[in-house]
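Colleague: In the order they appear, the protein sequences are chains A and B.
Residue numbers for the first sequence follow our numbering, so the first one is 61 and each next one is one higher.
Residue numbers for the second sequence follow our numbering, so the first one is 735 and each next one is one higher.
Quick caveat, the hints were computed from the structure, so don't treat them as lab data.
Small disclaimer: the values here were computed from a predicted structure and weren't measured.
Wrong hints could be hidden among the right ones.
Output of the computed footprint for chain B on chain A, the stretches with three or more beta carbons under 8 Å from beta carbons of chain B [what the hints assert, rightly or not]:
| no. | stretch |
| --- | --- |
| 1 | 142–154 |
| 2 | 179–186 |
| 3 | 282–293 |
Per the computed footprint, the stretches of chain B lying under chain A, defined by three or more beta-carbons under 8 Å from a beta-carbon of chain A, are [as the list claims (entries may be wrong)]:
| no. | stretch |
| --- | --- |
| 4 | 873–885 |
| 5 | 890–897 |
| 6 | 978–989 |
C-beta atoms are modelled at their ideal positions from N, C-alpha and C, and glycine is treated no differently.
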Amino acid sequence: MNAPGQPIVSLRNVGKTFESGTTALKGFNLVVGAGEFVSLLGPSGCGKSTALRIVAGLSEANEGTVEWPVGHIGFVFQEPTLMPWASVAANVRLPLKLAHADEVNSQEAVARALDRVGLVDFADAYPRELSGGMRMRSSIARALVTDPDLLLMDEPFAALDEITRFKLNNDLLAVWQELRRTVIFVTHSVFESVYLSQRIVVMTPRPGRVFAEIAIPAPYPRDERFRTSAEYAGFCRQVAEALSKAMAGGAS
Amino acid sequence: MSARALRIGLPILLLVAVLLLWDLVVRLFAIPPFVLPAPGLVLATLIADGSLLWQSLLVTLTITFKGFLLAAFGGIALAIAFNQWRLVEYSLYPYAVMLQVTPIVAVAPLLLIYLPQPLAVLACAWIVAFFPVLANTTLGLSSVDHNLIALFEIYKASRWQVLWNLKLPAALPQMLAGLRIAGGLSLIGAVVAEIAAGSAGAGSGLAYRISESGYRLNIPRMFAALLLLSLAGVAIFFALSALSYLALRRWHESAVTRER
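So here's chain A without its partners, still in its complex pose (with noise of 0.2 Å):
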């Protein structure tokens, strides 16, 4: 693990362009630091996902330097992204036979990443058989399972109920504040992006870049009372502004 503050991944004056011709981001810096919760935020089509798939390695930058991040990554999907076939444990546990881990330690692993997100009880249930924020659980227990050292996410909880969200919000903080890994956190709601990050780098329209960068300096743990304070109410405030700047110079 890297000491903390260390950038773990820094993306310079990244370009992509699909064969299309869509120019999804042009000019596009990020510098993450090690342990820190980043958000990246705007409107649907911005590249944000882009972005994170160059970082993991998915797609690749036609310009621009990307230094890529040293250890494991986990890499969190929309959609739970479960193999139907196998069971909550056997999908926990792919990473790690991918991997050729052996049985012993796989299984305290797969253990343990179950206890995180609360899904021990349903180790042999099969996805079908789980709610939508079951599933969703079950894919970060996935992610977390190779105890990686940067987590990225695209947008998780977009198709889940507000209900389900705010309580994965509060499981995924939990998590992050006992481990203090990396975590780049796609997302399209300027309520989920401050209650979640220490830092929100708000992009504009197609070609995404990065338009403002803001610091969300509350400290954790953050709860239902900080979700609710007038302090959260200001930084809402203040990043949907810039959101609404960033979309509107885009358009321009």
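Assemble the complex: chain A is given as a structure, and chain B must be docked to it using the hints.
Modeller: Just chain B now, kept in the frame of chain A:
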């Protein structure tokens, strides 16, 4: 009455009605057995010729089973090869389609010229049965969730790990559907080849018995053999359906009862 009772009861009721009508027509018009035997006579023939027909059934079933196994392994293996090496797919797929669309009845006589009869029959069973396995498995292997593929990529899975842990399980529902079709088709292929071999062949399968009985105007035995043949087909279908259900019941929508 529950839906389940209706599903079982109605076909049986219909069967009884048709058999009664059949019997009535035969008696009423005094139709001779070499034109249309009464259902009772068919049953009696089935029992009287039991051991002969049973032997023939075993011969046909053995060939069907071998053809099915070859089709299953061949179809799945070829689908995997298509999926792993695009050039193999480009080279072979048109010919696989050609083999499928050419009527087997037309191909069988040719095969009988070049191959010894048992092998020719087996080849026919294989040719008709392998294409649905190939086509369905190919479709299944290539319709894997893109995000799951991305996930495997993130964890640096080898292509064999992707095949074994992702593509094959994902393709299982389509593969089983293909096998279910192939089961019935391999029986048809075997029968077609036996018929084509006809009197020229030294065969003793059920289809051979049917054409032989036809020449001898032994119509009751023809019916009895036909009955055995269709029962065998139904048994194959149910066995493969059960296999599919057992493999998919925990996770695939097709095998899971919808709760209300």
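Colleague: Against this structure, judge whether each hint is valid.
Modeller: Going through the hints against the structure:
1. With a cut-off of 8 Å between beta carbons, the stretch 142–154 of chain A has 5 residues touching chain B; three or more are needed, and the interface restraint holds.
2. Figure legend: the stretch 179–186 of chain A, annotated as covered by chain B; annotation inconsistent (1 residues with Cβ-Cβ distances under 8 Å, at least 3 required).
3. Here's how the stretch 282–293 of chain A fares: 0 of its residues keep a CB closer than 8 Å to some CB of chain B, so the rule of at least three is not met and the hint is violated.
4. Closer than 8 Å: that is the beta-carbon criterion, and the stretch 873–885 of chain B has 5 residues meeting it against chain A, so the requirement of 3 holds.
5. For the stretch 890–897 of chain B, the proposed coverage by chain A is satisfied: 3 residues have a C-beta within less than 8 Å of a C-beta in that chain, meeting the threshold of three.
6. Coverage of the stretch 978–989 of chain B by chain A holds. Counting CB-CB distances below 8 Å, 4 residues qualify, and the rule asks for three or more.
Hints 2, 3, counting from the list given before, are not met by this structure.
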